[in-house]
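Residue numbers (the working numbering), protein chains in the order written: chain A, 1 to 114; chain B, 115 to 226.
Since the hints were derived computationally from the structure, they do not count as laboratory data.
One thing to keep in mind: the hints can contain errors.
Unchecked claim - Which residues of chain B face chain A? A few of them, derived with a C-beta cut under 10 Å, are:
1. Gly-115
2. Pro-148
3. Gln-152
4. Lys-156
5. Gly-157
6. Leu-160
7. Ala-177
8. Cys-204
9. Ala-205
10. Tyr-215
What the hints assert, rightly or not - Looking from chain A toward chain B, a few residues come up when the C-beta cut is under 10 Å (computed):
11. Val-4
12. Gln-6
13. Phe-47
14. Gly-56
15. Arg-57
16. Gly-58
17. Pro-62
18. Leu-88
Ideal Cβ placement from N, Cα and C applies to all residues, glycine included.
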Amino acid sequence: ETGVTQSPTHLIKTRGQQVTLRCSSQSGHNTVSWYQQALGQGPQFIFQYYREEENGRGNFPPRFSGLQFPNYSSELNVNALELDDSALYLCASSWSGTGSYEQYFGPGTRLTVT
Amino acid sequence: GENVEQHPSTLSVQEGDSAVIKCTYSDSASNYFPWYKQELGKGPQLIIDIRSNVGEKKDQRIAVTLNKTAKHFSLHITETQPEDSAVYFCAANSYNFNKFYFGSGTKLNVKP
């Protein structure tokens, strides 16, 4: 069984640019959630994808968008980057079934916006 | 939405002692409460979880207790070891939905 993987590991972008982060879910999982973790804080929910559609969204502006592919992998896209977007971006995979709640996180992508 | 508060923010214990981290939540409809351990440069690792129909759960040196009436839950680590040093996060879900609200984290330092 393979775990959750994310790419790239680190990324440096300039304010105003766009970025795409990628996540491969754990084998057997059909749902991917994305979180933003600022330094010294707990992860904050961005959105979740299930069956290739957005299934819930946190308090993030529309310039944060995503995709899920038929193999359940996912992308997070951020447009018009701002300095405050600098953070660790985590994806978590899970199985959306009755009574199933466990989420397993990847190692994250560290995004620095200068 | 749900609000999760976590205390203390830092905790230093001697190897072999016990450590307790406490969290409170605001949404009485939350029904799943996981705990994660995050080491430097890594993603959060699920270490134990508890559901609202259970009051306590143990896994070797780790235990979690839940008080639904008071809306608080706690992580207990016994016989702490230096490798337990990390940041620990509690979380609560939106009812029957796996969107998690996280606490602000507790940095645990176990001194040899």
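Hints violated by the structure (numbers, ascending): Of the numbered hints given earlier, those the structure breaks are 7, 17, listed in rising order.
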